[in-house]
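*Asks:* Take these sequences, add in the hints, and give me the full structure.
Chains A and B are the protein sequences, given in the same order. If you're matching positions, the first sequence starts at 530 in my numbering and goes up one per residue. If you're matching positions, the second sequence starts at 1024 in my numbering and goes up one per residue.
No wet-lab data here; the hints were simulated from the structure. Treat each hint with caution, since some may be false.
Selected chain A positions facing chain B (Cβ under 10 Å, derived; list incomplete) [claimed, not checked]:
(1) 530
(2) 531
(3) 548
(4) 550
(5) 560
(6) 561
(7) 562
(8) 572
(9) 573
(10) 594
(11) 596
(12) 606
(13) 607
(14) 614
(15) 615
A virtual CB, placed ideally from N, CA and C, is assigned to each residue, including glycine.
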Amino acid sequence: MLLIHCPYCDEQRAEIEFAYAGEAHIARPPDPSALSDEDWSRYLFIRSNPRGRHHERWRHIHGCGRFFNAVRDTVTDTFEATYKAGEPRR
Amino acid sequence: MSGFRLDRGGRVDRTRPIGFSFDGATYRGFAGDTLASALLANGVMLFGRSFKYHRPRGLLGAGSEEPNALISVSRGPGRHTPNQRATAIEIYEGLTATSQNRWPSLKTDLGAINDRLGMFLPAGFYNKTFMWPRSFWDKLYEPLIRRAAGLGEAPSEEDPDHYGATYAHCDLLIVGAGPAGIDAALEASGTAKRVILIDEQDEPGGGALDDPALWSWLSESLKDLAAAPNVTMLSRTTAFGYYHDNFIGAVERLTDHSAEIGSGPREKLWRIRAAEVILAQGAIERPLVFAGNDVPGVMLASAARTYLHRYAVAVGRSVAVMAAQDSGWRDAFAHARAGVNIAAIVEVRETVTPALLDEAQALGIAVQLGHSVIEVHGRHAVKDVTTARNDGTAVNRLTCDALLMAGGWTPSVHLWSHSKGTLAWDEALGAYVPDRANENVRCVGACSGTWNFGSGMVIDRLPTPRNQAKIKAFVDFQNDVTAKDIDLAVREGFKSIEHIKRYTTTGMATDQGKTSNLNGLQIASKALGRHATEVGLTTFRPPYTPQTFGALAGHAQGALFQPIRKTPIDGWAEENGAVFELVAQWRRARYFPQAGEDMHAAVNRECRAVRSAVGIFDASTLGKIEVVGPDAAEFLNRMYTNPWKALEPGRCRYGLLLREDGFITDDGVSARLARDRFHLTTTTGGAARVLNMMEDYLQTEWPELDVWLTSTTEQWAVIALQGPLARQVLEPLVEGIDLSPEAFPHMAIREGTICGVPTRLFRVSFTGELGFEINVPAAYGRALWERLMDVGAAFGITPYGTEAMHVLRAEKGFVIVGQDTDGTVTPDDAGLDWAVGKKKSDFVGKRSLSRPDIVAEGRKQLVGLLTDDPAVVLEEGAQIVADPDQPIPMTMIGHVTSAYWSEALGRSIALALVAGGRQRMGEVLYVPMPGTVISTKVSGTVFYDPEGARLNG
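*Replies:* What follows is the structure in structure tokens.
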């Protein structure tokens, strides 16, 4: 079970307090109607799925309830960093 | 001849004899014995039958690595535990143990015919032979194979034991209380660290228990550790898995070793988070691979030394040693010094250090250098063995009743590998050793590979003048995999060790190849002509040794398996004979049968009451979210398909929620209480999901919106009053709200009091009848329900459950998200296009509604189905075809999502998703069922009161 640092609570807590929330830094397009079908489907379905550094979102669902971003290595499962939503990509 | 108890020595307590039984015969052992050592002391050599060939098997090891001696222990109903290793079962007075996988008896096992047919049962035999015909697999082949090739029987009764679970945190966790682990604990005991030292055996000491010279050190050290307040010592505790961030799972066995079961938990699951971990798991000796290496009496040399020193049991009267390692010589010397006759040391190496030869000579032990055992005689026990020079000459017989194998040492890197530490190949050991750590962990002692193992020769199998393809030289004893099986797999083209493993099943038994993985790798490596490091190593996975389901389930069984959510009115329902069903985690009253009623009769009566008088329904499980803030309307406008900004306070709206991919995910009626306040409802099962989704958008996409979301599901009790007489029941109880149709129209909300309790009163209907949903603070729910029952008695008020609710809503064509939709249904598919705001520029999922596949013709659409025979109720989930005479496989054009008997209509009704459904009105479609085909006509989805006149009572 992973230990995850919540950047809002500033505490390292057990994974069972958190929920995974998919890849990070995929912003909803401000005007979806302006997008082509292809661009919209890319937004909906295409994810980077890297081997190694992965930017992803977690929610401290059984804690403060906030969504935040993290960089996790998908090979070792090590968290490199967690940071607040809205902060620049690490 | 066979094993026997020595007159003195050992760590068993000779003042405490213990009686037990094995396969019906009674024996005596001593406190401190395992089942293995006690039976060995009684001369028993035969412990089980092998998995595939049913070959007689004895003990190979003396610890948790044992692959052969799998035993069932029974201690009363539900307390039958199969597949335990005899080497890890502590005896107690009355222990009842039985062997497995034999019929009719261990000595006479008819399944042993497989051994004679061995040439027909090579690797991959099952895959090759039983492929055809496909239909035979489930009914014939698999049951037969399972019966013939087997482990013990699973218990058939419920487990009467209970199991504990705990979390523990420490600065240092040490796994393994052998000399290295104890040293590490002693060192840490002088610091401020909180230390946990765990060991799988009944007695700490590990390898020190096999060496009398270390016994005084051991008892002193254990005394010191017991006195150290910062050290917790757990015996009979197996660390079975190493998970992320130094999280270790361990099971402590509390009662399996004692004659009295008592009332405490049988086992306890420890979930340990450690800042640092030291692994001191030792090393496991490897067997040598040669013909007959599985005959009872052939065992690991180190195991024999354990029996000798720890249990004072000699494994034979005349013991031969087959060595490729110095350690085998030392084990032989230990036996000789204890008075056990050593028939000879057979050594595959041509030369060994002179010191070993000198010592052998001094002890009068015959030595055969450059020799190998090429055959073992005897079936149920060793009678003698044939040896030969490595070049095949000088064949001669050696009389002995036990043969010890010293094939080298495999460091136990199981937990290290669970932690994703890397491994490095050690050429001298012929084994992998820990390399780079992935966690804050290190290995000490034998499992680190730095132990002094002595020197030796790494050999894939012993030389023999016989044809290697015709002999059974076992690699994996538990899964009956021989060296020639691995050769065959390589010949058939398997190159990866992971594939060879799965094809031959080597290393896939319950022992996970503790004694076989490295030999299997060496043989595959030789057959492939590639170095072992190029062939790789299979993956180690938890658990280290098999664990009971009970320990892993812990308290989460029976009523505690998962939380059951109950509404404030649940107690009334229970007292009034409700039959319940689980909806998500909620327990909901399904129907309220009266005397003599079955479900059908009860539901029909409940439906009639709602349509003709008034019904009362507990809707408290509805998900509820309070949406508050200046931007609340803007937020809902973005989330839902419907327009919200123009909704006046005091009015309700049916809301439809999509995912960004355009598919329906939830729905519910929501009310605007004020400009900046909404009372949202969601489906019962969707409450948490919807709140999570809304929080996601609010926090990450539109943080500029000033809105707060609060889950209020459990704050409100919700009572639905539905039926033409609903208003009459309600009117005398309500204050501050004008219930007249003009003042309080359909889809409105009013705040006031009912029976003096504050209420949010909705005028809504999920039945098509005049209806109200009364929200009161949860604590008043039951009191209000009972008051309504009293007042309503004069009007024939009838409580109804979820089943009647389903029928009533289906008669009106109201969908249930998750039943009539399945995550691939758009608003248009469900006939809910009217709920999509056409003038809205954006909402979640809007863009997807114009994607090519969503606007394409022929999508499945929700329609009604009316069976030709009105008495036939379709089955939910049944497939629909256009032509019942087409050949199989038929083209299925849809499926039934809801189907009920409609009491109001006196016939069956159904909803279905059918391709191009709305273009098929009046068309006859077919539902093939076992033995029959049901014909049905496509209809609209509103079966009852299509004008909606009844909403007004």
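*Asks:* Could you run down the list of hints and mark each one as holding or not?
*Replies:* Outcome of the hint check:
A cut of 10 Å between beta carbons decides the hint on residue 530 of chain A: the least distance to chain B is about 5 Å, and the hint holds. A distance limit of 10 Å between C-beta atoms decides the matter here; for residue 531 of chain A the minimum to chain B is near 5 Å, and the interface restraint holds. Against a cut-off of 10 Å between C-beta atoms, the interface hint on residue 548 of chain A holds, since the closest Cβ of chain B lies about 7 Å away. At about 7 Å, the closest approach between the beta carbon of residue 550 of chain A and any beta carbon in chain B falls short of 10 Å, and the interface hint on this residue holds.
Given hint, residue 560 of chain A at the interface with chain B, holds; its Cβ is 7 Å from that chain's nearest Cβ, closer than 10 Å. A cut of 10 Å between beta carbons decides the hint on residue 561 of chain A: the least distance to chain B is about 4 Å, and the hint holds. Taking 10 Å as the C-beta contact cut-off toward chain B, the hint placing residue 562 of chain A at the interface holds, the least distance being around 6 Å. A cut of 10 Å between beta carbons decides the hint on residue 572 of chain A: the least distance to chain B is about 8 Å, and the hint holds.
With 10 Å as the threshold, the beta carbon of residue 573 of chain A comes within range of chain B, its nearest partner Cβ sitting at about 6 Å, so the hint holds. A hinted interface residue such as residue 594 of chain A counts as satisfied when its beta carbon comes closer than 10 Å to some beta carbon of chain B; here the least separation is about 7 Å, so the hint holds. Given hint, residue 596 of chain A at the interface with chain B, holds; its Cβ is 5 Å from that chain's nearest Cβ, closer than 10 Å. At a threshold of 10 Å, the smallest CB-CB gap from residue 606 of chain A to chain B is about 6 Å, leaving the interface hint in force.
Taken as an interface hint, residue 607 of chain A checks out: its beta carbon lies about 8 Å from the nearest beta carbon of chain B, inside 10 Å. Annotation: interface hint on residue 614 of chain A holds; nearest CB of chain B at approximately 5 Å, less than 10 Å. Look at residue 615 of chain A: its Cβ gets to within about 7 Å of chain B, closer than 10 Å, so that hint holds up.
Comparing the model with each earlier hint shows no violations; every hint is respected.
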